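There are 2 protein chains.
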Amino acid sequence: MHFSERIKALQASPIRRLIPYADEARAKGKKVYHLNIGQPDIKTPKEYFEAIRNFKAETIAYVASQGLPELREAISGYYHSWNIPYAPGDICVTNGGSEALALAVQVICDPGDEILIAEPFYANYNAFAETALAHVVPIPTRAEEGFHLPPRRVIEELITPRTRAILVSTPNNPTGTVCTAAELEMLAGLAKKYGLYLIADEVYREFTYPQSGLPGGDGDPFTSLGHLEDVRDRVIMIDSISKRYSACGARIGCLAIKNEAFIAQTLKLCQARLCVSTLEQVGATALYQKTSKQYLEDVNREYRARRDTLYAALKEIPGVICEKPRGAFYIMAKLPVDDSEKFIIWMLQNFDVNGETMMGAPGSGFYAVPNRGRNEIRLAYVLNQEALVKAAAILKAAVAAYPGRLEAIQA
Amino acid sequence: MHFSERIKALQASPIRRLIPYADEARAKGKKVYHLNIGQPDIKTPKEYFEAIRNFKAETIAYVASQGLPELREAISGYYHSWNIPYAPGDICVTNGGSEALALAVQVICDPGDEILIAEPFYANYNAFAETALAHVVPIPTRAEEGFHLPPRRVIEELITPRTRAILVSTPNNPTGTVCTAAELEMLAGLAKKYGLYLIADEVYREFTYPQSGLPGGDGDPFTSLGHLEDVRDRVIMIDSISKRYSACGARIGCLAIKNEAFIAQTLKLCQARLCVSTLEQVGATALYQKTSKQYLEDVNREYRARRDTLYAALKEIPGVICEKPRGAFYIMAKLPVDDSEKFIIWMLQNFDVNGETMMGAPGSGFYAVPNRGRNEIRLAYVLNQEALVKAAAILKAAVAAYPGRLEAIQA
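These protein sequences, in sequence, are chains A and B.
When we follow numbering that gives the first Met the number 0, the leftmost residue of the first sequence carries the number 0, and every step to the right adds one.
When we follow numbering that gives the first Met the number 0, the leftmost residue of the second sequence carries the number 0, and every step to the right adds one.
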């Protein structure tokens, strides 16, 4: 039977394709510490469950395609608390940040159009671009520079008549890097000069931590692309409750922009898929309206402590290169191995410390350029500190024992 | 700012764009009987709410991209009760039937590819095709023939080297027509001869009713495309709990096919959007596992009575042409008016009977060919019988009073 060229060209998720090896390891009785996916162990606030349990209607009906008015009102209030002035009418509720990204690409890209994204990047950006027959053009960054953006002229050289947007993930998945205000101003200048959109993936906005001696400084406040007044009509904000409220499985996100025409175009696509889950929107409304500041502060403190713990442990492993990340819950580290995907499979199949092993995500999955990131690994600090210490000790022992160990990493 | 050609070309939902007129009418104190959208008033089974209220995990985590194993198991059991042999591995859980349709188009169509669909058809088919840059090629049908398919040679003439699939909605939205076994066999023959897929939208499968003197006969059992053994690897089943369990806002559907390679390609897209709502899948599992046969029988009996009531009332309106539909919960009727969209707006703005008016969906929204269906209206019998009788009486009075009334409809 026939398959489309577009689906044949699409790569399977580089994070999810190693799951069978982990299943096999567990089936053999090995304990696996999962630092490979961004699924936190943090509890979802009880307000979510209470609102859903208290839902009174007897028919689960369609709701507005743009999203429940009370949810959009609550999201607007949240943005205002960050000094980002989105009104309820500027917001479309989506099936997670994923659908918001897919919608944004459809609204702005025709086949052959291009989106600039700092590399390494979240692998699914590629899937959303390619299904729309648009292409990701990578902006190179380096572990040694904390994955910050290269100078303006490097980015400017990548812009063509087909460039439609620059996508900015801050705090970044997979690197944990937080863009500085100066970096965002530089991108805003390019967007204005070349008539581009800025797609802002800020789903980790709540998760920035103090950091010394690196760009972004020690405790600088987070700068959102939503803070830049003169590009408001061209900033497409992508957001999600998945990480903020540890509700990944709720699949509630949003797209927001100060641009009525853009919302009108987006709504055509929203209407085609009718609406987002009614009950999940009820739960999300409660999360936005009622979750205490204390919850978010506690979660931030917990992730910060985990980052410090994991970073310190990684620094103890000879040959590992990484900067202390300022946000999200990921560390992208260079390992002294020939190929991190082979190394991860080897750990699952052939290595354990007292019956335990660990798993990260291979770095190459976050690069569009072939062979880049082959000795990098993304580690998600989504487990408690005790587990992270054990996982890092296993990683250290595995690096020492791995047959494909390198003596030095080429920069 | 720039918008893609694809989004500019996309029409806003013809059903939803009249909503502001209804809002305005209600704001002026008019009561509006809504026969314009397929949102039933039937209660969602209590098993859905119970399962969600009893959910125990404290973190709403991602689940498998293909769908919860227990839900796919339950859906498989449901199909087996219909003698359709889908195994859990043949099924992908989706965000409603809508996402299943969008996935199917992406997996089989490249830009310029074509999908044959009997016209009139559900307007969003066009949106899913056009966002993938594929095109709907309409197969003409007529109200006077109960909207059944034309002879094989008429369809065969529409097939080109770019044709990828024939999409079959049975029972049909908007016409209520149920395909006969002979019609499906004819399509299966064409699919085999020309190497096409058959996309089967059977979300109204539970809703077929006895009917005399018309193709399909009186109480013939429903034939599913899933019953045809020799096209199993090319039938893409699209399904949903929205209508079956009156849970439109749950946004749980599925795509099923006996074709491992097809499921593997579809999974690449499912993985990109991570997963479908965890709690909604828990609720849907309970619906499939626990809803009594009695519930479905009661709902079927209720819709059948509503169909009979509405059909009888429509037959009392001079100049109205419609056949008694055998399924779903829609009647597509020809009215003696110049333009049903103008007529509906006129009813909302300028007409009432004791402060009450009614609303249907304009027929032209279900046609791809310009100017077709202009005097047709789709009426959804989603209200109780008393309300339907009142709505039909209002329609009768409105047709008599309408300035754009036609004395005879051209066939």
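What the hints contain is simulated information worked out from the structure, not anything from laboratory work.
The model shown is predicted, which means the values in this text are computed figures rather than measured ones.
There could be a bad hint or two in this list.
You can't tell identical chains apart in this list, so a pair holds if it fits in one copy or across any two.
Only pairs whose alpha carbons sit at most 27 Å apart, straight line, appear in this in silico DSS-like list of lysine-lysine [stated by the list, open to error]: (1) K55 / K45; (2) K323 / K42; (3) K55 / K30; (4) K192 / K7; (5) K292 / K395; (6) K7 / K257; (7) K257 / K289; (8) K389 / K341; (9) K191 / K7; (10) K42 / K395; (11) K29 / K257.
Now the hints, each set against the structure:
no., hint, in the structure
1, K55 / K45, "both (18 Å within a copy, 12 Å between copies)"
2, K323 / K42, "within (26 Å within a copy, 54 Å between copies)"
3, K55 / K30, "between (43 Å within a copy, 24 Å between copies)"
4, K192 / K7, "between (36 Å within a copy, 24 Å between copies)"
5, K292 / K395, "neither (37 Å within a copy, 58 Å between copies)"
6, K7 / K257, "between (37 Å within a copy, 19 Å between copies)"
7, K257 / K289, "within (26 Å within a copy, 46 Å between copies)"
8, K389 / K341, "within (21 Å within a copy, 70 Å between copies)"
9, K191 / K7, "between (36 Å within a copy, 22 Å between copies)"
10, K42 / K395, "neither (30 Å within a copy, 58 Å between copies)"
11, K29 / K257, "neither (51 Å within a copy, 34 Å between copies)"
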